[in-house]
Structures are given as structure tokens and as C-alpha cells.
Amino acid sequence: MSTTRPYPPGDLGPESGGAGASAAAPAAAAPVGQIRRLRLAGTRGAVARGRDFARQALHDWGWLPAATADQRAAAEDVLLVVSELVTNACLHAEGPEELRLRCTAKVLRLEVSDLGAGSPAPRSPHRPGRPGGHGMFIVQRLCLDWGVVRNADGAGKTVWAELAAPS
Numbered sequence: 021m022s023t024t025r026p027y028p029p030g031d032l033g034p035e036s037g038g039a040g041a042s043a044a045a046p047a048a049a050a051p052v053g054q055i056r057r058l059r060l061a062g063t064r065g066a067v068a069r070g071r072d073f074a075r076q077a078l079h080d081w082g083w084l085p086a087a088t089a090d091q092r093a094a095a096e097d098v099l100l101v102v103s104e105l106v107t108n109a110c111l112h113a114e115g116p117e118e119l120r121l122r123c124t125a126k127v128l129r130l131e132v133s134d135l136g137a138g139s140p141a142p143r144s145p146h147r148p149g150r151p152g153g154h155g156m157f158i159v160q161r162l163c164l165d166w167g168v169v170r171n172a173d174g175a176g177k178t179v180w181a182e183l184a185a186p187s
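Just so you know, the sequence shown maps onto residues 21 to 187 in the working numbering.
Since the hints were derived computationally from the structure, they do not count as laboratory data.
Even for Gly, the Cβ is constructed at its ideal location relative to N, Cα and C.
Check before you lean on any hint, since a few could be wrong.
To be verified - Pair by pair, the computed Cβ-Cβ distance ranges are:
1. GLY53 with ARG147: 38 to 48 Å
2. GLY176 with ARG64: 19 to 29 Å
3. GLU114 with ALA87: 22 to 32 Å
4. LEU164 with ARG64: 13 to 23 Å
5. SER144 with GLY62: 25 to 35 Å
6. ARG64 with ALA89: 26 to 36 Å
Using the sequences provided together with the hints, build the complete structure.
Set out below in C-alpha cells:
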């Protein structure tokens with residue numbers, strides 16, 4: 021697994037906003053601290069719904085339509101990570117409960133909550149030529165950081181991942 025961060029999902033820690041925030045943020049930057057939530061518990065087509073929800077948020081936040089190849093790649097990475105996290109919850113954790121997106125000037129944080137007991141981890145060793153088992157490896161490669169936080173009541177967890185905002 022990835023992280024050693026001392027703060028839970030939804031808390032982006034000391035580097036987000038505040039005095040350390042860059043004054044040179046692009047004009048099209050997303051509204052700082054905006055959070056979007058999509059309830060997925062008991063729904064069919066959760067992966068497609070999550071991806072469509074994320075695509076709409078990226079559009080609303082000015083990531084799409086992308087003006088450059090780098091911006092387009094950043095948006096595509098977000099959609100792929102959403103797909104992977106929701107798919108993992110579907111396959112290994114009794115389905116996703118909720119997808120949350122939080123955007124700051126520098127980072128987009130994705131969170132998928134579920135009621136599963138397991139913890140995702142990149143398959144080791146990673147075998148690129150074999151089908152399946154690539155989801156968390158992809159998340160690890162595309163994201164700045166990712167991790168798992170257990171729910172305080174012991175039922176379930178939140179898997180989160182952070183990607184850099186496009187420049």
C-alpha cells in the first residue's frame with residue numbers, strides 16, 4: 021500500500037490552500053475546496069455512472085474541454101483512476117457506497133467508500149502480460165499518492181487517490 025500521510029480522507033493536509041497556496045494559479049482553476057458527491061450504493065452501472073459524474077465535474081471545473089495535450093492527459097488520468105477505484109469496490113468490496121471528488125488549485129482528490137473488509141494493493145510482482153490485477157498498479161503509477169482509511173466504526177473503508185491539477 022502507499023501512504024504514510026497522517027490525515028484522513030477529505031483532509032488534504034497542510035499543503036492545500038492557506039498561506040502555502042500559490043498565487044500564480046491559472047485563471048481557469050477549479051473552485052478551491054469544492055466537493056462533489058455521488059451516492060452509488062445499490063446502483064447498477066456504478067463504474068459508468070462514476071466516470072460520467074467525474075467527467076461532468078471536470079467540465080464544470082474547467083479541465084474539459086482540454087486546451088492542451090497535457091490537460092487532456094490529466095483529465096483522462098482522472099477518469100481512468102475513477103474507473104479503477106469504483107471497479108475495485110465492485111469486484112472486491114461488496115460495491116461502492118459513495119464517490120467523492122475534491123478539487124483544489126493543485127490537487128484533485130478522489131475517494132471511493134465501501135463496506136468491504138479487504139485492503140487494495142498493487143499486485144506484486146506486477147505482470148503486465150497477464151489479464152487482470154492491474155487496477156491498483158495503474159492508480160499507483162498515475163497518482164501523486166493514494167491510500168486507505170478504515171471507517172471509525174469498523175465497517176468498511178475509503179480508498180483515496182490524489183492527482184495533480186493540470187497546468
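Evaluation of the provided hints:
1. GLY53 with ARG147: 38 to 48 Å: The hint (38 to 48 Å, Cβ to Cβ) holds, given that GLY53 and ARG147 are roughly 40 Å apart.
2. GLY176 with ARG64: 19 to 29 Å: 20 Å, holds
3. GLU114 with ALA87: 22 to 32 Å: 40 Å, violated
4. LEU164 with ARG64: 13 to 23 Å: The hinted range 13 to 23 Å is violated for LEU164 and ARG64, with Cβ atoms some 32 Å apart.
5. SER144 with GLY62: 25 to 35 Å: 33 Å, holds
6. ARG64 with ALA89: 26 to 36 Å: With Cβ atoms ~35 Å apart, the hint holds.
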